[in-house]
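Same order as they appear, the protein sequences are chains A, B and C.
Under our numbering, the first sequence has 25 at position 25, and the numbering climbs by one with no breaks.
Under our numbering, the second sequence has 313 at position 111, and the numbering climbs by one with no breaks.
Under our numbering, the third sequence has 559 at position 150, and the numbering climbs by one with no breaks.
Watch out, some of these pointers could steer you wrong.
[Unchecked claim] In silico DSS-like links for lysine-lysine, alpha-carbon gap of 30 Å or less: (1) C:Lys489 <-> A:Lys201; (2) B:Lys226 <-> C:Lys551; (3) C:Lys465 <-> C:Lys641; (4) A:Lys149 <-> A:Lys162; (5) C:Lys578 <-> C:Lys465; (6) C:Lys494 <-> C:Lys550; (7) A:Lys84 <-> B:Lys262; (8) C:Lys578 <-> B:Lys226; (9) C:Lys550 <-> B:Lys226; (10) B:Lys267 <-> A:Lys23; (11) B:Lys267 <-> A:Lys84; (12) B:Lys204 <-> A:Lys84; (13) A:Lys61 <-> C:Lys559; (14) B:Lys262 <-> A:Lys23; (15) B:Lys231 <-> A:Lys62; (16) C:Lys575 <-> B:Lys231; (17) A:Lys61 <-> B:Lys231; (18) C:Lys448 <-> A:Lys201; (19) B:Lys363 <-> B:Lys332.
[Stated by the list, open to error] One-sided excerpt, in silico: chain B residues whose CB lies under 7 Å from chain C: (20) Leu242; (21) Phe319; (22) Ala322; (23) Arg350; (24) Ala351; (25) Asn373; (26) Ser377; (27) Arg378.
[Unchecked claim] Label pairs and their calculated CB-CB ranges: (28) C:Lys494 <-> A:Ile12: 35 to 43 Å; (29) C:Lys516 <-> B:Val227: 46 to 54 Å; (30) A:Tyr65 <-> B:Ser271: 44 to 52 Å; (31) B:Leu207 <-> A:Lys162: 39 to 47 Å; (32) A:Lys200 <-> C:Met640: 16 to 24 Å; (33) C:Arg558 <-> B:Val227: 32 to 40 Å; (34) B:Lys226 <-> A:Leu154: 35 to 43 Å; (35) B:Ile399 <-> A:Gly63: 35 to 43 Å; (36) B:Ala265 <-> C:Ala662: 51 to 59 Å.
Worth flagging that the hints you see were computed from the coordinates, not collected in a lab.
For glycine and all other residues, C-beta sits at the position ideal for the given N, C-alpha and C.
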Amino acid sequence: MSADPVIWVSSILTIIGFSYLFKENELYRAVEHLYVGVAAGYTVVMGYTNVVNKVWGPLTKKGQYTVLIPAVLGFLLFMPYISKSLGWLRRLPVAVIVAIGAALSLRTAVVEQFIGQLRPAIIPLNSINNVIITLGTAVTLCYFIFTVKPNPVLKVGVEGGKWVIMVTLGAAFGAGIMGRISLLIGRLFLVFQDWIPLIKKV
Amino acid sequence: MKRILPVAISAVVGLILLVDYFLKVPALKQTATEIQDWGLIVAAFALALAAVNLLLIHGKRIAKKDRQSIHSFILIAALLVTTFSGIFIGTRSGVFDFIFRSVFTPLAAVFYAMTAFHLASASYRAFRAKNLQAVALLLAGVLLMLGRAPIGEVIWKGFPKIADWITNVVNLAGSRGILISTAVGTVGAGLRILAGIDRSHLGSGTE
Amino acid sequence: MKTLQKLGQIDSRVIYALLILALLIPLMRPLGLPISIGKHTQRTFGVLDTLQAGDKVIMDIGYSVSGAADVQPQTIAVLKHLFGKGVRIIFVGNQTEGPMVIESLVKPYEAAGKKYGVDFCNLGYLAGGENAIASYCRDLKKSYPVDFRKNQTSSLPILDGVNGAKDVKMFVFFTTQNSDMYVRQITQYKIPIVGGLINTISPQAEPYVNAGQLAGILVGLRGGAEYEMLMKAPGVGVASMDAQSMGHLLIIAFIIFANISYLATRRAGAKGDKGGAK
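With these hints in hand, go ahead and build the complete structure from the sequences.
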């Protein structure tokens with residue numbers, strides 16, 4: 001058996017975590033709360049590091065007073081906890097973050113996702129696969145047209161789109177199962193290779 | 203004021219970033235860059251919101267001394283120990299590294315890996331082919347799983363080829379259509395947010 | 410028929426136990442199933458192999474530790490490839506766990522002689538998601554004035570002449586989120602983008618690979634296993650494939666049994682109705 005305390009602690013916590021599958025118990029709830037506490041604390045540490053590097057450092061070492069503006073905005077996020085009457089001030093930094101996110105994705109979505117995907121969708125129809133890809137893309141787009149009353153042609157497109165989307169979702173479903181199985185294999189390696197050496201190392 | 207100011211800020215910020223990108227106005231480039239950098243700083247502050255919320259909720263539970271207060275105590279203790287070790291001892295210290303490797307990493311992995319069991323249970327109970335389209339979905343998933351696992355190729359050499367065809371032809375068509383539709387939706391949603399039509403992110407207005 | 414109907418009501422714990430056994434037994438007693446190399450992995454290996462000693466790449470470790478089992482084998486194999494070629498890697502983290510994961514990944518290479526600040530550096534986590542990617546691709550040193558080890562980034566030799574994404578040879582990312590934000594923010598810099606993806610999000614990346622916006626992708630644990638085979642360095646990925654195969658077969662068996670039981674129940678219900686109608 002391993003002598004590494006990290007392996008011991010992580011394996012025992014893993015087994016307690018999985019014990020939920022057989023019956024919910026107090027130990028599991030304790031471990032669940034432990035994880036939430038550690039995760040929240042870890043996130044605070046990363047946030048603190050970012051604030052020190054991007055606010056305190058430039059402010060004290062380079063005299064960049066403009067960083068005080070986003071620092072104040074960041075502080076305003078906590079206003080609802082400080083004062084009920086001034087709690088609405090939280091909307092200001094939220095408005096800034098959401099606007100930046102919306103603008104960034106909007107401006108690049110047009111070029112990279114819309115035009116960037118329309119161009120390769122126009123391919124020569126010189127093979128069955130190319131025909132399926134082109135038609136499949138077209139009928140999938142038909143499925144998402146909700147602003148026009150469906151005429152007979154659009155109705156055919158919508159029905160075709162349903163089939164293509166079903167296969168696409170099936171592929172995502174299969175990929176999802178594969179991903180989940182991989183995660184479970186990872187936990188088995190921890191417990192049965194690193195901790196109790198039942199699995200030989202490669 | 204409480205409603206108009208945030209909407210106005212959204213509109214101005216969005217307009218500056220969009221004009222900078224599409225019209226390449228040199229005078230705006232510095233401002234656009236500065237605004238993006240401010241966004242990074244505000245996002246850093248936002249990381250502490252969850253912790254503050256947890257402290258308040260679980261602090262109240264401990265004060266009430268109810269049945270669950272022991273778990274709340276564990277949560278707050280874990281939060282404070284992790285925070286103090288990371289900030290005052292350092293992120294490269296033995297303590298913080300131990301907490302990350304022996305508590306955070308395995309438990310994060312466990313809670314995500316549990317979905318494998320739920321998926322297995324759902325495969326047995328819920329994945330019923332009730333109509334032809336459900337059959338298509340299940341069949342695509344099953345063929346992909348057979349094609350991607352080494353055993354599939356051992357059973358029949360055609361399974362990987364079928365899986366490749368599903369992924370590179372039909373899935374490509376469907377995903378591309380979804381991607382283009384999503385892009386149109388992103389543009390629409392973004393414009394609604396920047397124009398102040400969609401204000402759901404600004405709260406209910408009861409504060 | 411009643412047996413088939415009963416099969417549909419089996420206790421979940423039996424299902425869980427069967428799944429654990431289906432995965433554990435092949436891990437303990439490997440079957441040695443052959444692993445062929447898929448075209449995605451072949452292509453990605455080819456793209457990364459074009460890098461030369463001294464070339465600089467930005468590598469974003471953007472996966473959370475919860476999904477590490479699916480993505481980390483690929484990451485380890487790619488790092489072996491790139492460090493083996495003498496490529497210099499500028500690590501960034503798009504997830505909070507990124508910097509700590511990076512430190513654990515580079516430990517063996519640092520012990521073997523790779524120099525921090527020259528051969529690689531860990532710039533740490535930058536809050537902001539897609540905005541963070543846009544910012545550090547535009548101006549790396551302004552976005553990261555200090556690295557994870559508290560060095561001024563302006564003092565790191567590896568960052569000499571690197572102001573942003575346009576000054577590196579390639580961008581490599583590993584993610585459990587989505588590839589959209591990387592494509593949106595990095596394509597404009599006209600450098601090859603290579604992605605290591607968790608299985609769940611890989612089908613959505615196909616259009617980007619087909620359009621050439623992603624130069625290559627690695628897909629989940631299988632992608633990691635294939636890359637290990639190409640590197641002739643089998644590791645966790647290869648060791649997991651037999652278990653993955655058995656897991657898949659079990660899930661497929663569950664789906665088939667469930668549908669047989671469902672049909673049996675439906676037929677029994679239909680027969681019961683006919684009997685009642687009489």
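Checked hints:
no., hint, verdict
1, C:Lys489 <-> A:Lys201, "holds (18 Å)"
2, B:Lys226 <-> C:Lys551, "holds (21 Å)"
3, C:Lys465 <-> C:Lys641, "holds (24 Å)"
4, A:Lys149 <-> A:Lys162, "holds (17 Å)"
5, C:Lys578 <-> C:Lys465, "holds (6 Å)"
6, C:Lys494 <-> C:Lys550, "holds (26 Å)"
7, A:Lys84 <-> B:Lys262, "holds (18 Å)"
8, C:Lys578 <-> B:Lys226, "holds (26 Å)"
9, C:Lys550 <-> B:Lys226, "holds (23 Å)"
10, B:Lys267 <-> A:Lys23, "holds (26 Å)"
11, B:Lys267 <-> A:Lys84, "holds (26 Å)"
12, B:Lys204 <-> A:Lys84, "holds (13 Å)"
13, A:Lys61 <-> C:Lys559, "holds (14 Å)"
14, B:Lys262 <-> A:Lys23, "holds (28 Å)"
15, B:Lys231 <-> A:Lys62, "holds (22 Å)"
16, C:Lys575 <-> B:Lys231, "holds (18 Å)"
17, A:Lys61 <-> B:Lys231, "holds (25 Å)"
18, C:Lys448 <-> A:Lys201, "holds (28 Å)"
19, B:Lys363 <-> B:Lys332, "holds (27 Å)"
20, Leu242, "holds (4 Å)"
21, Phe319, "holds (5 Å)"
22, Ala322, "holds (5 Å)"
23, Arg350, "holds (6 Å)"
24, Ala351, "holds (4 Å)"
25, Asn373, "holds (5 Å)"
26, Ser377, "holds (5 Å)"
27, Arg378, "holds (4 Å)"
28, C:Lys494 <-> A:Ile12: 35 to 43 Å, "holds (40 Å)"
29, C:Lys516 <-> B:Val227: 46 to 54 Å, "holds (47 Å)"
30, A:Tyr65 <-> B:Ser271: 44 to 52 Å, "holds (45 Å)"
31, B:Leu207 <-> A:Lys162: 39 to 47 Å, "holds (45 Å)"
32, A:Lys200 <-> C:Met640: 16 to 24 Å, "holds (20 Å)"
33, C:Arg558 <-> B:Val227: 32 to 40 Å, "holds (39 Å)"
34, B:Lys226 <-> A:Leu154: 35 to 43 Å, "holds (39 Å)"
35, B:Ile399 <-> A:Gly63: 35 to 43 Å, "holds (41 Å)"
36, B:Ala265 <-> C:Ala662: 51 to 59 Å, "holds (52 Å)"
Consistency with the previously given hints is maintained throughout, with no hint failing.
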